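Based on the sequences and whatever the hints tell you, model everything.
Listed below, chain by chain, are the residues.
Number of protein chains: 2
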Amino acid sequence: MYKTIDKNDIDFLLSVCEKDDVIVGEDISEDFSHDELGGVEKYPEVLITARSTEQVSKIMKYAYENNIPVTPRGQGTGLVGASVAVHGGIMINLSKMDRILELDEENLTLTVEPGVLLMTIGQYVQERDLFYPPDPGEKSATIAGNINTNAGGMRAVKYGVTRDYVRGLEVVLPNGEIINVGGKVVKNSSGYSIKDLIVGSEGTLGIVTKATLKLLPLPKKAISLLIPFPDLEMAINTVPKIIKSKSIPTAVEFMERDVILAAEDFLGKKFPDNTSDAYLLLTFDGNTKEDIEKEYEKVAQLCLECGAYDVFISDTQERNDSIWSARGSFLEAIKASTTEMDECDVVVPRDKVAEFIKYTHDLQNELNVRIKSFGHAGDGNLHVYVLRDDMDEKQWSIKLKESFDHMYGRARELRGQVSGEHGIGYAKKGYLHESQSEVYMDIIKSIKTAFDPKNLLNPGKIY
Amino acid sequence: MYKTIDKNDIDFLLSVCEKDDVIVGEDISEDFSHDELGGVEKYPEVLITARSTEQVSKIMKYAYENNIPVTPRGQGTGLVGASVAVHGGIMINLSKMDRILELDEENLTLTVEPGVLLMTIGQYVQERDLFYPPDPGEKSATIAGNINTNAGGMRAVKYGVTRDYVRGLEVVLPNGEIINVGGKVVKNSSGYSIKDLIVGSEGTLGIVTKATLKLLPLPKKAISLLIPFPDLEMAINTVPKIIKSKSIPTAVEFMERDVILAAEDFLGKKFPDNTSDAYLLLTFDGNTKEDIEKEYEKVAQLCLECGAYDVFISDTQERNDSIWSARGSFLEAIKASTTEMDECDVVVPRDKVAEFIKYTHDLQNELNVRIKSFGHAGDGNLHVYVLRDDMDEKQWSIKLKESFDHMYGRARELRGQVSGEHGIGYAKKGYLHESQSEVYMDIIKSIKTAFDPKNLLNPGKIY
Chain E
1 MYKTIDKNDI
11 DFLLSVCEKD
21 DVIVGEDISE
31 DFSHDELGGV
41 EKYPEVLITA
51 RSTEQVSKIM
61 KYAYENNIPV
71 TPRGQGTGLV
81 GASVAVHGGI
91 MINLSKMDRI
101 LELDEENLTL
111 TVEPGVLLMT
121 IGQYVQERDL
131 FYPPDPGEKS
141 ATIAGNINTN
151 AGGMRAVKYG
161 VTRDYVRGLE
171 VVLPNGEIIN
181 VGGKVVKNSS
191 GYSIKDLIVG
201 SEGTLGIVTK
211 ATLKLLPLPK
221 KAISLLIPFP
231 DLEMAINTVP
241 KIIKSKSIPT
251 AVEFMERDVI
261 LAAEDFLGKK
271 FPDNTSDAYL
281 LLTFDGNTKE
291 DIEKEYEKVA
301 QLCLECGAYD
311 VFISDTQERN
321 DSIWSARGSF
331 LEAIKASTTE
341 MDECDVVVPR
351 DKVAEFIKYT
361 HDLQNELNVR
371 IKSFGHAGDG
381 NLHVYVLRDD
391 MDEKQWSIKL
401 KESFDHMYGR
411 ARELRGQVSG
421 EHGIGYAKKG
431 YLHESQSEVY
441 MDIIKSIKTA
451 FDPKNLLNPG
461 KIY
Chain R
1 MYKTIDKNDI
11 DFLLSVCEKD
21 DVIVGEDISE
31 DFSHDELGGV
41 EKYPEVLITA
51 RSTEQVSKIM
61 KYAYENNIPV
71 TPRGQGTGLV
81 GASVAVHGGI
91 MINLSKMDRI
101 LELDEENLTL
111 TVEPGVLLMT
121 IGQYVQERDL
131 FYPPDPGEKS
141 ATIAGNINTN
151 AGGMRAVKYG
161 VTRDYVRGLE
171 VVLPNGEIIN
181 VGGKVVKNSS
191 GYSIKDLIVG
201 SEGTLGIVTK
211 ATLKLLPLPK
221 KAISLLIPFP
231 DLEMAINTVP
241 KIIKSKSIPT
251 AVEFMERDVI
261 LAAEDFLGKK
271 FPDNTSDAYL
281 LLTFDGNTKE
291 DIEKEYEKVA
301 QLCLECGAYD
311 VFISDTQERN
321 DSIWSARGSF
331 LEAIKASTTE
341 MDECDVVVPR
351 DKVAEFIKYT
361 HDLQNELNVR
371 IKSFGHAGDG
381 NLHVYVLRDD
391 MDEKQWSIKL
401 KESFDHMYGR
411 ARELRGQVSG
421 EHGIGYAKKG
431 YLHESQSEVY
441 MDIIKSIKTA
451 FDPKNLLNPG
461 KIY
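From first to last, the protein sequence lines are chains E and R.
Take the first sequence: its position 37, counted from the start at 1, is 37 in full-length UniProt numbering, and no numbers get skipped.
Take the second sequence: its position 28, counted from the start at 1, is 28 in full-length UniProt numbering, and no numbers get skipped.
Simulated from the structure, these hints should not be mistaken for laboratory data.
Please note that the accuracy of each hint is not assured.
Claimed, not checked - Using 27 Å as the maximum straight-line C-alpha spacing, the simulated DSS-like pairs for lysine-lysine come out as follows:
no. : chain 1 : residue 1 : chain 2 : residue 2
1   : E       : K244      : E       : K158
2   : E       : K241      : R       : K214
3   : E       : K335      : E       : K394
4   : E       : K294      : R       : K241
5   : E       : K7        : E       : K139
6   : R       : K61       : E       : K220
7   : R       : K241      : E       : K244
8   : E       : K246      : R       : K241
9   : E       : K246      : R       : K221
Here the structure is a predicted model, which is why all the values come from computation and not from measurement.
Written as structure tokens, this is what we have:
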């Protein structure tokens with residue numbers, strides 16, 4: 001169906017790009033054949049390092065005219081195979097388009113190229129007393145990757161998700177045309193919101209080549225509370241009560257002792273406490289220590305009333321860093337503790353988190369497979385990992401499917417969604433299909449066709 | 001092209017609805033032939049008062065099969081003709097589906113029917129110490145109307161717009177199918193965001209029959225500052241400096257003396273001060289008086305440094321109400337001061353507001369037409385009114401077009417958008433088309449076709 005890359009195509013690509021930016025066939029590094037989780041594997045036929053929007057536009061136009069599939073790629077930190085070239089063709093690596101283009105302090109916007117890393121943005125704005133709130137665990141992801149999955153991260157409880165901070169986008173469409181949607185404006189009611197359709201579309205509707213982000217003033221202070229509980233259910237059941245008490249922490253994470261132990265192993269550093277079975281980790285931010293204290297005192301009291309053993313206050317940068325760097329390493333730590341794993345990134349209503357996690361605990365015993373989890377108790381987004389350990393290929397494939405079928409099924413019953421922030425990509429297509437009506441899937445397909453009638457941009461993803 | 005309503009159609013509608021809920025031909029009230037501004041006029045052939053999603057679904061399915069256009073309608077408070085049945089057919093009035101269905105305090109969501117008024121929601125949640133931040137001036141609009149225009153209102157500076165508070169929707173599609181998008185979940189990365197496509201689509205992609213809204217805890221206190229300036233340019237030029245100072249007020253409105261005088265006339269009540277040419281009206285909210293004072297003191301100082309005559313602090317409910325009810329009456333007051341008017345609702349980057357308003361002042365003299373404005377200086381969304389006064393039909397049509405051509409043209413040059421929050425509807429189609437590329441308009445059209453291949457749902461709007 002798709003055209004195979006030949007010498008003419010390579011000649012064209014060399015006419016658009018520098019020689020070193022066009023890598024063909026076996027010279028392509030293995031890194032570009034998979035993403036972070038590695039369950040989906042396939043090499044592109046040619047790998048392009050893009051340096052400008054014009055290049056991306058010319059290549060996309062050529063690919064469109066010649067029926068060649070194109071896969072956009074950032075840092076490859078995804079977990080669902082969205083940036084894997086499952087149909088071969090051209091992969092466009094955007095990670096070298098990584099300049100910060102403009103800080104506009106009067107409109108509180110930052111305009112960046114797609115390959116800028118989340119950690120670069122964080123540091124850049126913080127140095128200028130500004131704040132880009134979305135805070136996914138993976139700080140070495142590109143901003144365009146975050147936009148394409150509508151990444152949420154830790155601070156979604158108080159500050160919302162990536163979508164809420166994207167004001168404008170420059171996008172190369174599947175036919176190579178360049179469009180600008182949104183801008184620096186705060187409000188917009190001028191036709192369908194193509195910007196919001198591109199956000200979360202996993203590189204299937206257009207290639208993001210520039211983004212204008214909304215910034216906030218930097219809260220001057222943040223204090224974290226680490227709160228040990230006798231068990232996880234008790235910990236998580238406290239969260240809806242915190243919300244109901246009209247307190248909105250910046251973050252509410254849950255963690256279990258064995259994940260903390262894995263992180264200690266992985267980092268070679270001790271966590272402030274590992275004696276309890278389960279913990280909540282809360283952050284509060286504000287402009288003065290007193291403001292924040294007022295806010296967290298009632299929450300601390302509420303946690304103690306709900307059975308917490310203690311409340312450890314962490315108000316130094318050093319201690320905060322130690323706790324949050326452990327939290328940031330959970331995925332890597334769990335990955336290092338087994339041979340292979342796959343992830344279920346469901347989101348359920350906040351008051352159903354405890355029920356879902358209890359279900360995965362029971363499932364672990366019932367199916368005799370290790371299942372580890374951590375996640376965002378405050379926004380209902382869970383990261384649940386099924387571990388292969390010493391299973392052979394066949395056992396693993398059966399066990400994984402069985403675990404996923406159960407978990408996605410349960411999430412549906414609890415009125416959850418297949419993915420909170422990691423997307424559908426290639427790996428979760430079946431579960432999206434099961435969770436949605438035919439009508440919904442038909443709409444998704446017609447929108448894709450409206451943008452990309454030849455199905456050339458990142459084909460094989462989402463549906 | 002469309003089928004004209006006949007007796008069979010009426011019989012079908014009577015089989016789905018109560019007799020009193022089906023009104024035909026000349027029995028239809030004149031109210032339903034236009035919206036608030038009245039520039040677009042046309043009667044539907046039949047007016048249905050809907051009582052349930054199932055009714056809406058059945059009627060839509062019938063209309064789809066029989067090629068009859070359908071126009072959804074709320075309170076008719078729109079300003080661009082989006083809820084006028086420009087092709088006749090069936091109008092579905094959803095304003096009687098007005099129940100609050102569920103307050104979920106653990107997930108901080110409110111689920112409502114489409115016809116609930118904004119003021120009803122505001123009061124309901126406030127009584128429960130909760131907060132629905134979007135605050136458009138027109139409080140008697142329905143929530144579905146707000147969703148369909150992605151209304152922003154006064155508090156967008158700090159809290160964002162309607163889109164940011166819509167978590168889930170139930171929607172009747174043009175073919176009559178019912179879909180649910182989103183839900184109570186805080187994060188979502190599960191396929192294209194149909195929810196965000198429906199928000200702001202002005203009833204052209206589906207009929208919203210239920211909405212789940214995100215709530216916040218109610219800030220315990222709000223203080224307003226009324227700040228007189230020697231002239232409007234000086235007032236508005238202060239706003240980017242306020243933003244740059246890292247202070248985010250809840251609202252930043254600008255107003256001129258003659259609009260204040262019109263409001264005094266209209267309401268028969270004095271405004272706290274009317275001696276200066278121009279004013280900024282700022283609000284700050286928070287949980288204690290002290291917190292808020294800390295916040296506004298530096299802003300007050302900054303305004304004085306930028307040339308403000310004084311800073312009037314309004315910290316009693318009574319005084320706040322008096323100022324904000326005047327602000328809320330500006331549209332009505334301007335309307336009452338002339339024979340007819342039309343509105344330009346552009347949004348420009350925050351730092352271009354002064355430039356745009358100065359342009360409308362010059363235009364007023366140049367074209368010899370009265371142009372009055374007020375609006376949201378903090379988010380760049382302006383409401384600019386061209387007044388007919390004693391012009392005859394022909395003069396008015398020429399003068400209005402000339403004024404609009406100039407203003408929308410200038411907004412484009414300043415990288416603004418045609419509409420900040422009132423939508424495109426029927427009246428502003430030409431200006432949307434001029435401001436967007438062919439490519440963008442083609443995408444809009446293909447999305448519409450994907451949802452509504454027969455172009456039956458609210459046809460003749462947006463493009």
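Do the hints match the structure? See the list:
1. E:K244 / E:K158: holds, 14 Å
2. E:K241 / R:K214: Since the Cα atoms of E:K241 and R:K214 sit roughly 17 Å apart, the hinted pair holds (cutoff 27 Å).
3. E:K335 / E:K394: Since the Cα atoms of E:K335 and E:K394 sit roughly 20 Å apart, the hinted pair holds (cutoff 27 Å).
4. E:K294 / R:K241: Answer violated: E:K294 to R:K241 is near 30 Å, above 27 Å.
5. E:K7 / E:K139: It is violated: about 38 Å lies between the C-alpha atoms, which goes past 27 Å.
6. R:K61 / E:K220: It is violated: about 55 Å lies between the C-alpha atoms, which goes past 27 Å.
7. R:K241 / E:K244: violated, 37 Å
8. E:K246 / R:K241: Status violated; Cα separation ~32 Å.
9. E:K246 / R:K221: holds, 15 Å
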